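The sequence shown begins at 1 in this note's numbering and counts up by one.
Since the hints were made in silico from the structure, they are not lab data.
Some hints here could point you the wrong way.
[Stated by the list, open to error] With a straight-line Cα cutoff of 27 Å, these simulated BS3-like cross-link-like pairs (lysine-lysine) come out:
id	residue 1	residue 2
1	Lys-64	Lys-109
2	Lys-109	Lys-62
3	Lys-24	Lys-9
4	Lys-24	Lys-62
5	Lys-62	Lys-9
6	Lys-24	Lys-109
7	Lys-64	Lys-24
[Claimed, not checked] Cβ pair distances, simulated, as ranges:
id	residue 1	residue 2	range
8	Ile-35	Val-110	14 to 22 Å
9	Thr-99	Ala-33	25 to 33 Å
10	His-30	Glu-82	16 to 24 Å
Nothing here was measured: the structure is a model prediction, and the numbers come from that model.
Glycine included, C-beta positions come from ideal geometry on N, C-alpha and C.
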Amino acid sequence: GFAHDACSKLLCPAEWRWEDPIVKASIHDHTTAFIVSENSWLSFMYENYEADAMNLDHGLFKSKLLVMGFKAIFTSPSSANEVDGDGDGDGADHAKVKTCIASIIGMRKVTPHMIAYTAFEILILLIQFMLSNTTSWCTMDGDFDYHIF
Numbered sequence: 001g002f003a004h005d006a007c008s009k010l011l012c013p014a015e016w017r018w019e020d021p022i023v024k025a026s027i028h029d030h031t032t033a034f035i036v037s038e039n040s041w042l043s044f045m046y047e048n049y050e051a052d053a054m055n056l057d058h059g060l061f062k063s064k065l066l067v068m069g070f071k072a073i074f075t076s077p078s079s080a081n082e083v084d085g086d087g088d089g090d091g092a093d094h095a096k097v098k099t100c101i102a103s104i105i106g107m108r109k110v111t112p113h114m115i116a117y118t119a120f121e122i123l124i125l126l127i128q129f130m131l132s133n134t135t136s137w138c139t140m141d142g143d144f145d146y147h148i149f
């Protein structure tokens, strides 16, 4: 994941700025103060992929990538293409198409568990399968424990 600059920005903990050369070098060198772990809020979960260092809750779980992932999982893969940008989806067209996972499971609202599941799936796709030579599931990836995340 951290071998590719664009993905590294998404996987960088939100309290750090990937553009800072010290942050980049420290993450690559596994410097103790810059360990990326399951306790990190990763930038891909934030609106515009950036967090407010003074308020890490602001914009959390509102990234375009997370909204697209959520729609792909719970409505349909094609509905993910309808996402215009970051945010909470207010004002989006909710026209019903075919039966989707959300209908099958009787989903009426988005829950924290569904958001966590979506974040986990995106993380696994980004790191473990798309950007590595891993061919099977494992719960630990260096310092990152997927089970705890």
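Please name the hints from earlier in the document that this structure breaks, with their numbers sorted from lowest to highest.
Violated hints (numbers, rising): 6, 8, 9, 10; every other hint is consistent with the structure.
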